[in-house]
Each structure stands twice: as C-alpha cells, then as structure tokens.
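J.: Protein chains in written order, with this note's numbering: chain A, 1 to 327; chain L, 1 to 354; chain W, 1 to 293.
Hints listed in this document are in silico derivations from the structure and should not be mistaken for laboratory results.
Errors might be hidden in some of the hints.
FRET-style restraints, in silico, Cβ to Cβ [to be verified]:
no., chain 1, residue 1, chain 2, residue 2, range
1, A, N212, W, L133, 30 to 36 Å
2, A, N212, L, D103, 57 to 63 Å
3, W, G180, L, G330, 30 to 36 Å
None of these values were measured; they are calculated from a predicted model.
Even glycine gets a Cβ: it sits at the ideal position worked out from N, Cα and C.
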Amino acid sequence: MKNSPLTRLLAAAALVLASTLSAAESQLIVAMLPKSKGNAYFVSCKAGADRAARDLGVKLLFDGPTDSNAAKQNEIVENWITLGVDVIAVAAENREGISTALRKARKQGIQVVTYDADAQPDARSFFVNQATPQGIAHTLMDDAARLLNGEGEFAIILATLTAANQREWQQLIEKRWKEKYPKMKLVAVRPCDDLKDKAQSEATALMSAHPNLKLIMAICSPAVPGAAEAVKQAGKTGKVKVIGLGLPSENRRYVKEGVTDTVVLWKTEDLGYLTIEAAVAVAKGTLKPGAKTFPSRKLGAIEIQGDNILLGKPFAFTKENIDQFNF
Amino acid sequence: MMKPTDAPSRDWKALLLRHEMILLYVLVAEWLFFYFAGTSVNRRGVVIGFGTLDRQFDVLRHSCEIGLLALALTPVIITGGIDLSVGSLLGLCAILFGKLWHDAGLPIPVAAGLTLVIGTLAGGLNAVLVTALRLPPLIVTLGTYSLFRGLAEAITRGAVTYTDFPAGFLFLGQERWLGLPTQAWLFALVALAVWLLVHRTTFGRSYRAIGYSSEGARHAGLPVASRLAGVYLLAGGIAALAGIIYTARLGQAKADAGTGYELFAITAVVLGGTSIFGGAGSVHGTLLGVAAIAVLKNGLACLPVVMELNAAEEIAGLLTGALLLLALTGGVAFRMVPRLRRPHRAPSPTPPSS
Amino acid sequence: MLTLLAVFAPAFFQPQPLLSLATREAPTLVVACGMALVIISRQIDISVGSQFSVCGVCAGLLAASGWPLAATLPAAVATGALLGAVNGALIAGLGLPSIVVSLATMVTLRQGLNLARQGQFVNLPDGVQWFGLSQSSGQGLIVGFAVLLLVALALAMRHLAAGRFIHAIGSDAEAARLAGIRPRLGTFLVFVLMGALTGLAAMMNVVQSPQVQPLSGLGLELKVIAAVVVGGVAISGGSGNLWGAFAGLLLLACIGPALTHLRVEAYWEKAIQGAIILLAVVADGIRSRRTGP
Numbered sequence: 001m002k003n004s005p006l007t008r009l010l011a012a013a014a015l016v017l018a019s020t021l022s023a024a025e026s027q028l029i030v031a032m033l034p035k036s037k038g039n040a041y042f043v044s045c046k047a048g049a050d051r052a053a054r055d056l057g058v059k060l061l062f063d064g065p066t067d068s069n070a071a072k073q074n075e076i077v078e079n080w081i082t083l084g085v086d087v088i089a090v091a092a093e094n095r096e097g098i099s100t101a102l103r104k105a106r107k108q109g110i111q112v113v114t115y116d117a118d119a120q121p122d123a124r125s126f127f128v129n130q131a132t133p134q135g136i137a138h139t140l141m142d143d144a145a146r147l148l149n150g151e152g153e154f155a156i157i158l159a160t161l162t163a164a165n166q167r168e169w170q171q172l173i174e175k176r177w178k179e180k181y182p183k184m185k186l187v188a189v190r191p192c193d194d195l196k197d198k199a200q201s202e203a204t205a206l207m208s209a210h211p212n213l214k215l216i217m218a219i220c221s222p223a224v225p226g227a228a229e230a231v232k233q234a235g236k237t238g239k240v241k242v243i244g245l246g247l248p249s250e251n252r253r254y255v256k257e258g259v260t261d262t263v264v265l266w267k268t269e270d271l272g273y274l275t276i277e278a279a280v281a282v283a284k285g286t287l288k289p290g291a292k293t294f295p296s297r298k299l300g301a302i303e304i305q306g307d308n309i310l311l312g313k314p315f316a317f318t319k320e321n322i323d324q325f326n327f
Numbered sequence: 001m002m003k004p005t006d007a008p009s010r011d012w013k014a015l016l017l018r019h020e021m022i023l024l025y026v027l028v029a030e031w032l033f034f035y036f037a038g039t040s041v042n043r044r045g046v047v048i049g050f051g052t053l054d055r056q057f058d059v060l061r062h063s064c065e066i067g068l069l070a071l072a073l074t075p076v077i078i079t080g081g082i083d084l085s086v087g088s089l090l091g092l093c094a095i096l097f098g099k100l101w102h103d104a105g106l107p108i109p110v111a112a113g114l115t116l117v118i119g120t121l122a123g124g125l126n127a128v129l130v131t132a133l134r135l136p137p138l139i140v141t142l143g144t145y146s147l148f149r150g151l152a153e154a155i156t157r158g159a160v161t162y163t164d165f166p167a168g169f170l171f172l173g174q175e176r177w178l179g180l181p182t183q184a185w186l187f188a189l190v191a192l193a194v195w196l197l198v199h200r201t202t203f204g205r206s207y208r209a210i211g212y213s214s215e216g217a218r219h220a221g222l223p224v225a226s227r228l229a230g231v232y233l234l235a236g237g238i239a240a241l242a243g244i245i246y247t248a249r250l251g252q253a254k255a256d257a258g259t260g261y262e263l264f265a266i267t268a269v270v271l272g273g274t275s276i277f278g279g280a281g282s283v284h285g286t287l288l289g290v291a292a293i294a295v296l297k298n299g300l301a302c303l304p305v306v307m308e309l310n311a312a313e314e315i316a317g318l319l320t321g322a323l324l325l326l327a328l329t330g331g332v333a334f335r336m337v338p339r340l341r342r343p344h345r346a347p348s349p350t351p352p353s354s
Numbered sequence: 001m002l003t004l005l006a007v008f009a010p011a012f013f014q015p016q017p018l019l020s021l022a023t024r025e026a027p028t029l030v031v032a033c034g035m036a037l038v039i040i041s042r043q044i045d046i047s048v049g050s051q052f053s054v055c056g057v058c059a060g061l062l063a064a065s066g067w068p069l070a071a072t073l074p075a076a077v078a079t080g081a082l083l084g085a086v087n088g089a090l091i092a093g094l095g096l097p098s099i100v101v102s103l104a105t106m107v108t109l110r111q112g113l114n115l116a117r118q119g120q121f122v123n124l125p126d127g128v129q130w131f132g133l134s135q136s137s138g139q140g141l142i143v144g145f146a147v148l149l150l151v152a153l154a155l156a157m158r159h160l161a162a163g164r165f166i167h168a169i170g171s172d173a174e175a176a177r178l179a180g181i182r183p184r185l186g187t188f189l190v191f192v193l194m195g196a197l198t199g200l201a202a203m204m205n206v207v208q209s210p211q212v213q214p215l216s217g218l219g220l221e222l223k224v225i226a227a228v229v230v231g232g233v234a235i236s237g238g239s240g241n242l243w244g245a246f247a248g249l250l251l252l253a254c255i256g257p258a259l260t261h262l263r264v265e266a267y268w269e270k271a272i273q274g275a276i277i278l279l280a281v282v283a284d285g286i287r288s289r290r291t292g293p
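Working from the sequences, and respecting the hints, build out all of it.
T.: Pasting the structure below:
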C-alpha cells in the first residue's frame, strides 16, 4: 500500500533519467571536490570551473560535503571511482584521510589533481597551488605588522581547530610573528565553526577580555565579516583593525566603511578555471610530470614548480580596488 | 486503551512484522530502481555506477559505522531510553586509539582492546547517571555528547591527526577478506550478537518490559537498574568499535570523527520500527532501516539527474527525512501509537524544582 | 560562576561588551522561552535550529527583494508558525512522538535549505540592520523586547489559564482531558507558538548584521534544550518555569566569553560545557531526590 505510489513515482523518474543518460557519455568527465560546497569561496571557484568546462567541452561534476567533513569527502571520491569519471580534482579537507581514496582512484586509472589544499604527493599528479601557505601567512602577518607598526596585541579567529590548512596557516603565521615581529603579542586563537554569528560573538568576547587588542586576523571567510561586525558594534572602528582571508563580496561594506583594512585572497574564479584546465590536460596526456610551464587559455603561461602549478601571488583587496571585483 | 506489548501477543507481532515487511519492499524497490537507473556503460565500455560490485561494497563500507551505532542504540531505545553521545564517543575512541598506538607505542591489538574498554567505561558514565541518579537519558547523553567531543578536541588540541597506521590495520577498513569488505564481517558478528541478545535471551525480554513500563518491570522483580546499565555499557563498547573501524576506513584518527552520526543512527532505528517510547522494536528492523538509508544515499549519488544538480547529499537527506515521516504516519494507520509521551523514567512523582 | 568571573576577570563586566553579549543571546532567549513551554508540556522540538535558519533566510530574501521591514517581520513569524504547525499537526494530530517528528523535520528543513541556497550568504539592503535605527537603540530594542517577552510569558504561565493548562497537559494529559482541557489542541498551539517565537528570533538575529548565513542556527536546538534543562525544567514535563530557563541560558551563554576572559584555551570549551550541563542535571537530580518523597 505504501510502496505502490512510491514505485510509480520511481518508474516515472526512471523514464526521465533514461534520456539524460546517453547524452553525457561521449564527453570527458571531470569531477571536482570542494571542501564544503556552500562556502562562497568554493562557489566562486565553481563559477570559474564551469566556464572552463564550457570552453573545453568537458562535463563537470561538482559535489562535496556541505560542512567541511573528511569522511564525506572520501565517500564522494569512492562514489566517483565507481562512476568511472576520467579525472578528479580535489581540495583536501584532510591530507592523509583523502589520500587513501585518491590512491585507490589512481590505481583504477583515474587521474587526480588537487587544488586549494594538497593531498599527499603520491596520491595526485599535480597540485594547483593558489598561493603557498607561506605566501598566505606572510602576507597576512606582514600586513598586520604594517597596520600596527610592528607592536601591539592581536588575535586570530579560525574556522575549526581540526581543519588541516587552517592549522597550517596558523602555525606559519605564528612562526613569522616570532621571527620578525617580537614586539607584537598573540593573545588568543579562537575557532568559529565557520559560522559568521559565532565569529562575531568570539570577536566581541576577545575585545572585552583583551582591552589592548589592536587587531583581529580572521583566517576563514565567514569570520572576516563576523569580526568586522563585532568591531563596528563595539564602536571600535579603527581602534581594532580587522584583516583576513575572505571574499570581496562579503566584505565590501566593511572595507568601504574602514572597519576592515585588507582582505587577502587570490582570484578564486581563476583558481577554478586553471584547475579544470590542468585536470583536462592531465587526463588527455598533454600535461606530463616534469613540465615547466602550462599554457592556460585565460591566464597565459603558468609557471610549474616541481609538481605545483602556481596561480600567482595572493591579492590584497582594499578600499581602493574592492569595487572592481564581484565575487 | 493499549494492548499489552511486553508479552507480545500474536497480532501485535504480526503488525510489527508488517512494518518490517513494508520496509523490505521499499528497500528492494529502491535497490532495483537504482540498479536500473543508476548503472550505465561508459565510453570505454566499462560498466559503471550503482550496479557494480565495487559500488555495493562501498555501500557496505560506508554504512558500517552508522550501522554499528544503530545496533548499539536499538536496545537502548527499546528500554525507552536514548543515547545522543554515541557519535561523540566514536570520535573520542578514534583519537584515544590513535593516541594509544602512536604516542604510547602500544601494539595495535592492545590499543584496540584498551579502546574498547575505555568506550565501555564511557558508556558506564551514562549508565551511572541514568540508573543510579535516575536522570533522564536524553539530558544525560546531551551532556556527555558535548563532554566526549570536547575531550577529544582537548586531547588533540584540535590539531593532532593520527595517521600512518600499518597496512595490516588498514586492511580492516579498506580491503576485502573472503570476498567481502573486512569490516562487514565484524559488523555481521555484532549484528548477530545484538540480535541474539534482544530476541533470544531473557535480557531482550526484560528490555521490552522496562521500555513498556519500568515501574511494572520493577514490581515483576526485574533488576531494572542493572539491565539498563547494561545497554548503555554495550552502546559505549560498540561505539568504540565503530571508532576503530572508522579510523581504519579513513586511515586517520581525528577529533571530528563521527560528527552527526547519532542522528542518522537514531533515524535508522526508528525507521526500522523500534518505538521511540520503548517497549517494542527489533534488530532486523534496524538493519533494514540502515540498509534503506545507505542504499538511498549511495544510489542517489549514481543517478545522472542528481549528479547534474550536484546535490546528492541534500537530496538523500531530504528523502530520508521524508521517508521517516512517511514511516511514522504510515505506522499510525496500522497500529496504535501512544498518544502522549510517557516519561522515560519510572513515574516517581517529581516535585517541581525551584 | 559569575562570582568567579568577578574575582578573576573583572573586565567581563563592562557595559558595552555585556550589551553586545546580551544582544547576541537575545534571539536564543526567545527560542529558549518557546522551548521551555514545549518541554513543560512534555514534548520536545529539536527542529528549532533548522527552523531558525529557514526563517532567517526567508526574511533575508524578502528584505533583499524589496519588502519593507514592517512586512518582513510578520512574514518571518508566520513562516515560523507555519513550520511549527507542521510539527504540531503531526505530533498532536496524529499522536506521533515529538522527538522523532522534529528529528525528521530538522533533517528535512536543513537539507532543503542546503539544496536551495548551497550555503550562500544573503546580502541585505541598507536600512534593515537594527530595524533602520541607530546601533545602540537597535540593540536596546532587541534586548528589551526579549526581556519583555520573557516576563510576559513567565507571568502568563503563572497567572493565565492557558499557562496552567500547559502545566496540566505536561504533568498528566489524561487528567487534563478529564478536567475539560483539550490536550491535543493545547499541544498543537504550543508548537505553533514555538515556531512563531523561532521566526521572531530569526528576525532578531537577521537585523543584527548586514548578511544572513544559512548555517546560522546550526546546533541551536541543543543549546536551548540544555539551557532549559540546566534551568531546572524537568524533561518529563509538567514542572519548571521560564525564569529557570533564563538562568540556564545565562549560565551557558557566559561560558564561552568567560573562558576567553579567564584565558582558558579554546580546546577545552566543549568539554567544559558538557561537564557543566552534567553537573547541573546531577545537582538537580540529587536535590529533587532528597526533597522528593
């Protein structure tokens, strides 16, 4: 009684599906895995990837966890293996965890590249590197030092205490701080669970707990507007500076109001575009290990260091230039 | 009013059977649908998608941990309790196992054994609070839900990830033994044990009696407290095992392991026909519930139309929620559900606090 | 707890951060009030976090498409009430267990929202933040309103017939029915109220910043349930009041900032939160056993 309407529904759906099935078969299939697909950062990557897929005439699958979840990433990759995709492009939530699944894919003849956050080197052929972790950490720390003239208290807000690349950035930021800016003081590191509202609460608490706090560095994208809103509400615009890694669209208002000084990021659409180009080239065999440059349709000749395809330097969005970008 | 369910009368049993049979039809229909709609041949002439053996094994591997938690929860829910902490405990056990092996240098089997003991002890914390202090399980395990996850984060300071486990251990989570994924054998073993416990021993009968009316069970001379303690201890032990298998499947132990698994497990148990009020339920129902959710989730990911939408997980979640509601409302037609919630503990009159 | 803070971190008690904290927690208080009523009537609703997100995003989208605030606010409340009515209809109408029904609606709503929005922020037009008022009066309005609501509901629970009905339904539905109360209608209305309050809370959250994140409200259900129970509302229904829920929320809301002030590292926060919940229920359990029969 209960399953009969269900089966009818399913049968109807099957008819619809049968038609879509045959169309895609002749194309090369590229599967792209973000860390969390709702994140505006990856949404913007996808926009670039979509364009590349159109330009190159390949089929793009884009799927990932809605929350950054290492186990779900593995499950999605294993699903793609049995779906027989041609090439997989992965932003690894957790380096070791994903590598087991990626090695399995390679064993079955599926090409693997990584972007945004790398897996272990033997689990992929190339890493499309948007900016080295050092590059990011140094840009942020140097910018913080520039704003504070090299002295004063600062705090870091990151996504979660378990995200691999967040921790790597944090450690490199701390290294740079200890080496170059001994007069500055890191007073706290707080997680915000990738929630803007929580980042705002954390920033508020930080400002009251550390009255001499001069700067908040937010290294995950929801935390930048969250921290900025907290500073603005506390009436400390200018007294407590905000910098971070984030998207222009989410921070435009605060950058223009002078609450947030700098938002650092690379051009995420270009990252998505280049990733797909590289993935397709690897699958077609035109990009082989040992290559020194990679010709991109959109970005010109791209430098390759070892097995890292380099997108370029991080870009700093400020009051002057932020209106030119709409992602 | 209600029919007595502690000594299952014939028609009650028939009705229960019916729920599980319907679930079985749904499962078979699901499976057949995905088999035909989710399988195709790619450019190189290779069969891909849901119909491949690899895919079927993936379904098994991916549902193992949630399946174990659902098995752990079945006796708990039959007694009228609940355990929200199993997912967090999975995470805690995973990192404790990693720590014992990596930092303390213990051999894998010893570390695994100790982890099982620790998991059982952690279940013991729930057991003590629920039985000795007679606190409501929902609240106790809500607290331990935070506590266990928090301890896992505190121990690793969030950052430490244990990896580089030896191949022999990873065999447990990633390879096959006698034709099936290794962990599937362990899962089958646990499933069989829990099934025997619930359906073929006096323990199982006493769980139902307690779930139906713990006061009544007490008057009938059942050792309610120790029986209740037993199910929470068991849940802790099984959660620890799930933590070890999770570690082997991913090749890493990290503090966020198993986040949100408790909800999937509870969903599977309830979908399987176990009454959330306690008193009635079955292990095979739970297994069917787990399978229905796992096939749905994995099958959807193989459908071209879903791939176009890039939203397999969301659609699976939506349909799981809908399936659960359907099972519940459908259930109303067949059986009489207690109209109002009965208290989880013995109805000893609680004076209003404050 | 607060005394401890006063001794070790007097900076905690500055008016500006406290007002900010109060503003941040005001929506949670509104949801907690609703949850207290639900739990007193011997039900539970774990879908409030998802409802909160859905209402927030709906309100955000309406505001972004040019609806005036005066229309957005009732729309958010109505959305919440509608979602609450779905829960209520299934629970009271069909007699289904509230924990499972709200589990199902929680998953369905959350995944539906993910599907629709893919996690993208909604950018709000100018003039929505703080209801178009200045920041301090906006904050004052939100906190004042939440407190007013708390007082009104608490008094209503004590002095109005409807409030006593809820207690009656929670302590013994059968007796309530025999006494001429309609427990199913009462339960239904409690869930509608819960939804409406959640919608209201979502709106109070939306106006606090110029963007809406669809993930907001994730985990809210556990926070408010914990607050209500720590505040001494018995999960088995029938007893407890809103002041307790308020005290419970106060305690939980202060843990995070307090740890920051006491310079405790973030890693311990969740563990401490869990331990405090357990301690509170254990203390309450022991106390009620001692004073009980």
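J.: Of all the hints numbered above, which does this structure not satisfy? Sort the numbers upward.
T.: 2
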